[in-house]
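Trainee: Using the sequences plus the hints, can you model the full thing?
The listed protein sequences correspond, in order, to chains S and U. Sequential numbering from 1 applies to the first sequence in full-length UniProt numbering. Sequential numbering from 1 applies to the second sequence in full-length UniProt numbering.
Incorrect hints may appear among the rest.
Identical copies look the same in the list; a pair holds intra-copy or inter-copy alike.
[Said to hold, decoys possible] Keeping only pairs whose Cα atoms sit at most 27 Å apart, straight-line, the calculated BS3-like set for lysine-lysine is: (1) K56 <-> K151; (2) K19 <-> K202; (3) K5 <-> K150; (4) K5 <-> K146; (5) K202 <-> K28.
Read the hints as simulated data drawn from the structure, not as lab findings. Nothing here was measured: the structure is a model prediction, and the numbers come from that model.
There are 2 protein chains.
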Amino acid sequence: MTEQKATNVTWHEQRVSDKERCELNGHKGVMLWFTGLSGAGKSTVANTVDHLLHSKGNHSYVLDGDNIRMGLNKNLGFSAEDRAENIRRIGEVGKLFVGAGVITSTAFISPYREDRDKVRELMGEGEFIEVYVNASLATCEERDPKGLYKKARAGEIKNFTGIDDPYEAPENAELVLDSDSKGIDELAEEVVAYLESKGYLKA
Amino acid sequence: MTEQKATNVTWHEQRVSDKERCELNGHKGVMLWFTGLSGAGKSTVANTVDHLLHSKGNHSYVLDGDNIRMGLNKNLGFSAEDRAENIRRIGEVGKLFVGAGVITSTAFISPYREDRDKVRELMGEGEFIEVYVNASLATCEERDPKGLYKKARAGEIKNFTGIDDPYEAPENAELVLDSDSKGIDELAEEVVAYLESKGYLKA
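Mentor: As structure tokens, this is what we get:
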């Protein structure tokens, strides 16, 4: 657990309740946590889901791994400790977005099960949907969209997930997407269909 | 400047543009940065503004100092370095909210001019509105809603803004609220009138 440093702080209830924010939006806030290897398609699927949700009038947003690492988490690297803090911060930010009534997609490798489970625990009942974008290492390495696997194999990047750092696959993900054999649009449709069937979307 | 640690990251454009998110909401995203001494009324005014905005159908949210210190920034204390990092993270989170098209109020003492100016620089033209909730130290100490001034005077709290840590008042705030002589509702109405006059709100 991250220790609470500031002691003279008190929780303030917001004057506008989460429920009232959801009423304005026409749907609840929820976190879609996309996890998987680099190159599995997390960002692309998340953005496609977000686009579909938006076009149906839902209030949605994407917290993208690389973008967050260039902003909020620019002072974090890839050590196990920094990865944990990276995910912790994202979880907390996602929780704020969900509180604001936003359907929030996050696209982070988030390789460690314990870190993902901590985020799940932060969230309320039904507010955390773990989406495992499942692609084999072979597939990801063949795609290698940013040339990172090549660099990792050459030893130019250290602590690279799947090469010299582990990826712990989810055991109880709400959704498992088969990114080895299906295309982006098909996978995104699967996510939206799931949300629709569970009553998460705007009527 | 905070050093960028991760090197193998690339900025991803979101598939849904900020403009499209604003079209759905009926207004742009903007950050209302409330600053002032503890007890000046930042949180209360911010929450009242938020309530007024919400009741007019605007998509809004409050990032509250104490709440953030119990979540995202729980690993930060009150040293000058930690205060700077506190404000930096809030600025980055606020920027994400503004990108999502939300009228985002932040209520933090944020005592150092340099830290506030860094947040201003993060934001686009017209996206940062500094609101100085101006109450004298005497007023705040008399109110002392959390009993913190009493503790600070007794030496039980160190680095307390206004007592043994400086507050650098804004020099170019878009709005200065006179919290010594006016009540919360009047101050909140001033903020909303400003936003209306500048075309920030839903028509």
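Trainee: Work down the list of hints and note, for each, if the structure agrees.
Mentor: Checked hints:
no.: 1; hint: K56 <-> K151; in the structure: neither (40 Å within a copy, 53 Å between copies)
no.: 2; hint: K19 <-> K202; in the structure: both (14 Å within a copy, 21 Å between copies)
no.: 3; hint: K5 <-> K150; in the structure: between (41 Å within a copy, 21 Å between copies)
no.: 4; hint: K5 <-> K146; in the structure: between (39 Å within a copy, 18 Å between copies)
no.: 5; hint: K202 <-> K28; in the structure: both (9 Å within a copy, 21 Å between copies)
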